[in-house]
Amino acid sequence: MALTGLQIYKLLPKTNCGDCNLPTCMAFAMQVAAKKVSLDQCPHVSEEAKAQLAEASAPPMKLVSIGSDENKLEIGQETVLFRHKEKFYHPTGVAILVEDALANDELDKEINSINRLKFTRVGEEIGINLVALQHKSTSAEDYAKLAEKITEKTSFPLILVCQNLSIIKSALEAIADKRPLIYSANRENFDKMASLAKQYNCPLAVSVESQEELVDLTQSIKKIGVDDLVLNPGIKKTGDTLENLTKLRRLAVEKVFRPLGYPTIVFTNEEDPFQEVIQASTYVCKYANIVVVKAKDTWQLLPLLTVRQNIYTDPQVPNAVEPKLYEIGAVTPDSPVIVTTNFSLTYFTVESEVGNSKVPTYISVVETEGMGVLNAYAGDKWSAEKIAKTLEQQKVREKVNHNTIIIPGLVAVFRAELIDEFGWNILVGPEEAARIPSFLKNEWKPAGKK
Amino acid sequence: MEVPDVKQSWPNSINEVTIGATKEGGGTRSHAITVGGTRTLPFLYFEGNIPHRPVIAMEVWDIAPTDWPEELGKYFSDVWDDPGKWAKKCVDEFEADFICLRLQGCDPDGENKGSHEAAQAVERVLKSVAVPLIIWGCGNDEKDNEIFPACSQTAAGERCLLGTITEDNYKTLVALCKADKHKLIAESPVDINIAKQVNVLATDIGLAPEDIVIYPSTGALGYGMEYVYSIMERGRIAGLSGDKMWAMPLLADIGREVWKVKEAIAPEEEVPGWGDHIQRGPLWETITGLVYLQAGTDIFIMWHPKAVKELKKYIDSLMKKNSRKN
Amino acid sequence: MIFVGERINGGFKDIQRAVKEKNKSTIQRWAKIQSEAGADYLDVNIGAASNKVDDFIWMIEAVQEAVETPVSIDSNKPAFVEKAIKACKNPPIINSTTADKEKLDQIIPLVVEHNASLIGLCMDRKGSPQDVNRRVELGATIFSEAIEKGLPEDRIFLDPVTMPLKFLQPQARNLIEAVHQFTLLSSPPPHIILGLSNISSKAKEMRLINRIFLVMCIEAGVDAAICDVTDKDLVNSAITAEVILNKHIYSDLFIKAYQAAKKP
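Protein chains in written order, with the working numbering: chain V, 1 to 450; chain P, 1 to 326; chain H, 1 to 264.
Everything labelled a hint here was simulated from the structure, so no lab data went into it. This one's a predicted model, so the numbers in the text were calculated from it and none came from an experiment. The beta carbon of each residue, even a glycine, is placed where N, CA and C say it ideally should be. Keep in mind that the hints are not guaranteed to be accurate.
What the hints assert, rightly or not - Residues from chain P that face chain V, not an exhaustive set, calculated with beta carbons under 8 Å:
#	residue
1	PRO189
2	TYR223
3	LYS262
4	GLN294
5	TYR314
6	ASP316
7	SER317
Working from the sequences, and respecting the hints, build out all of it.
See the structure below:
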């Protein structure tokens with residue numbers, strides 16, 4: 001984020017000495033802002049000023065990496081408050097909280113539920129990203145052992161939730177190479193905690209109640225040499241956390257306030273299983289870079305992860321698949337042919353239902369510029385003529401023996417014209433994709449061989 | 001070190017829209033509901049006033065649905081033969097803030113009921129419950145223009161919210177609203193420019209901006225939700241920044257969109273990886289609601305009683321003292 | 001876009017006569033016409049009609065009797081400005097000061113005290129700026145002095161000094177480049193205003209030059225102009241330019257939408 005003319009002017013000696021070959025310092029500042037001259041042209045500018053200008057071109061929010069291999073999570077480096085202004089770059093990490101006071105078999109059960117928390121939606125794998133191991137009562141040795149076990153049995157990077165230095169040290173000795181997030185430094189322990197983070201090269205969370213204290217702490221910790229920080233604005237009611245997260249994001253990206261230019265981490269505190277997911281979803285939408293939840297049921301995580309998937313979609317990239325003839329299952333010349341649009345959501349929904357039907361099927365995708373069935377119809381992006389052309393291009397005539405095409409129920413209006421254009425029978429399919437399996441099993445009948 | 005102030009000062013408030021008329025106002029409702037009036041982004045109390053809480057209408061039909069999932073049918077099948085009884089159950093048992101009567105029975109591709117029957121349904125609901133009313137047509141422009149005059153007349157004086165006007169079809173409803181003093185839902189197909197255009201067209205022929213609620217279409221969670229979310233955010237910011245044609249409260253039609261998606265309906269046996277559908281369905285509806293709430297939605301139309309309850313709890317937890325209870 | 005109506009200026013014969021004869025109706029007619037055309041401020045300039053401060057006050061009071069639209073006090077006589085600013089019902093714009101330190105020291109406290117806004121002309125006693133750098137330097141000086149003395153950013157307007165295309169053609173490009181650089185001064189950038197009609201002074205195609213120049217300057221960063229607000233093509237061009245730059249949400253009836261937004 002470049003400095004403005006006035007900000008640059010503040011860094012200059014303001015003597016108007018003219019050594020830069022410009023009449024005044026103000027003139028020089030504006031030229032630097034316009035990138036017409038370099039700051040070096042002033043022989044009297046301080047080293048600190050030079051450093052400030054260099055730092056100014058760094059991204060407003062730090063990128064922090066947790067974990068150490070292909071499962072590592074990158075968070076932060078956001079630039080906007082609203083996805084429509086540009087996009088959100090790094091999806092919120094979802095962490096499942098596990099308490100340390102677990103017997104062995106209970107731990108295995110927990111790990112099994114956690115490993116189940118992954119889904120496929122719209123052709124994309126979505127899942128949780130981290131496990132947060134909260135220290136409650138175990139010894140340092142046992143905590144470290146637990147941490148080790150979790151890293152062995154799951155692929156997720158860890159968050160070590162403990163503010164006791166010796167326990168953290170013990171855990172780091174065991175798994176530092178996996179670069180867990182240390183949660184957290186606070187007012188009392190920050191210098192020693194930061195030293196540990198530095199020694200073991202791990203990212204560090206900072207947790208204090210007030211913004212002013214957070215500012216002091218991050219600056220002190222940075223001086224110690226740790227800059228991979230994640231901020232926690234305290235555990236509060238949803239509304240208060242929402243305000244705090246908003247303020248932190250604005251400070252980072254609008255004011256480029258460096259002491260708070262870091263990603264954030266929040267913990268849910270709602271006990272009710274519904275309200276917890278609601279609370280976590282709020283934070284995913286509004287500026288949390290990591291959300292730690294206790295929820296472990298698939299029916300809870302599926303909507304939460306879908307919220308994240310939706311909000312973090314790049315608004316500028318059209319959601320379209322390649323228009324071609326897709327084969328679902330072991331297709332034969334007797335297999336049905338379903339026509340649909342190239343809008344990702346439409347295509348993957350149809351594909352998924354076809355998969356559920358267990359009937360091998362061809363899906364002929366028509367180029368509709370990423371618009372769904374009805375929008376493409378309203379926007380004149382497809383027509384009977386275009387469908388016929390597409391079927392020809394995709395050589396559908398040569399692929400199947402029957403001469404029937406299935407069209408989406410919502411565009412039944414295409415039927416008559418498509419019969420004329422393509423010359424085959426047109427079967428009007430269901431309006432809702434959810435009815436595709438029953439349709440294919442019960443109503444699909446080839447209308448006649450070639 | 002001094003922390004910069006990030007409070008934004010917005011030049012404009014969102015309009016207040018009042019639905020429902022008590023005796024003083026010429027109606028028979030027990031109270032009126034006012035939405036809008038905010039001068040800040042959703043729930044950011046530190047930078048502006050939020051005078052009214054978002055509200056939830058539960059939906060009833062003028063005919064009994066034939067394809068609602070069992071998870072919903074189990075709450076309503078004992079009352080859905082009569083929109084009055086259905087509305088009463090929604091208000092008394094499930095604490096709906098108000099009611100949305102959808103005239104699904106008038107759909108020409110369905111039972112094709114006429115304006116007389118539609119008006120009767122309106123009357124039955126008005127007589128059964130004292131809460132304000134939304135009257136939503138069948139979605140077919142020609143048919144809606146045919147049935148709305150009688151419905152509007154029947155509800156004259158009750159200050160109902162009628163739905164919807166679109167870019168291509170707005171004159172009939174605008175005239176009815178002016179004559180019978182109702183409010184209007186302005187609909188657009190996930191297009192921020194058309195949303196603005198509908199308001200310009202309607203106000204150009206005399207509808208007051210304060211009589212409009214914006215409905216930019218609704219996408220369920222996982223089914224286009226983020227397109228609508230961004231339109232709402234961008235439009236709400238424009239309204240607060242001074243664009244009077246976007247300074248209206250927002251409406252999300254959640255129930256109808258959510259309860260056709262697989263994630264809300266499919267039983268666990270069908271998709272074992274997705275968990276218990278009895279929880280999953282209402283949660284899907286609630287989460288869709290909360291995301292829109294964070295984008296600025298003021299009015300929700302919902303189906304499942306548990307989803308209504310949970311969203312209300314959530315709204316309660318966010319509202320602070322400077323809000324007036326409806 | 002902030003439109004300042006230019007018509008109530010003693011340079012026009014009917015205004016001159018009205019001041020001399022103390023005929024309110026001409027002044028008020030122009031106040032109403034410009035307000036209805038969408039002016040956000042009405043510039044009031046006594047010109048050569050009189051050199052009495054009371055006559056200037058009389059003009060302002062006539063305007064305020066007829067419309068609610070706030071006034072732009074167009075005078076470089078400190079005595080006039082001081083009295084006029086007290087006579088204003090709504091916070092006015094002071095049009096203008098130069099970059100000379102004594103002038104800034106004198107006028108800024110007055111502006112701050114009365115909650116008014118200030119137009120800073122990017123020139124000083126050394127003369128009018130002849131190039132980009134000088135304009136930028138003077139503008140930056142005015143801006144930083146004003147901020148230092150407590151004038152909030154959103155009440156400062158920088159005027160890069162518009163010169164006639166007919167006589168000083170190269171200055172048009174210099175001005176546009178200077179405006180681009182003004183936007184680098186602060187975040188958010190400062191208000192930038194043009195005395196628009198100067199660009200077409202003594203030319204034949206006055207309206208055409210005015211509106212094209214304004215549109216080019218809007219792209220560079222101009223967001224205010226003292227101009228003929230009754231020129232519909234001019235106003236519509238400015239609105240269109242702002243929609244093209246995504247400053248307002250597009251709708252097919254975007255001109256209507258903009259005007260509807262102005263209704264109180």
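Practice prompt. Go through the numbered hints given earlier and state which of them the structure violates, listing their numbers in rising order.
Written response: Hint 6 alone not satisfied by this model.
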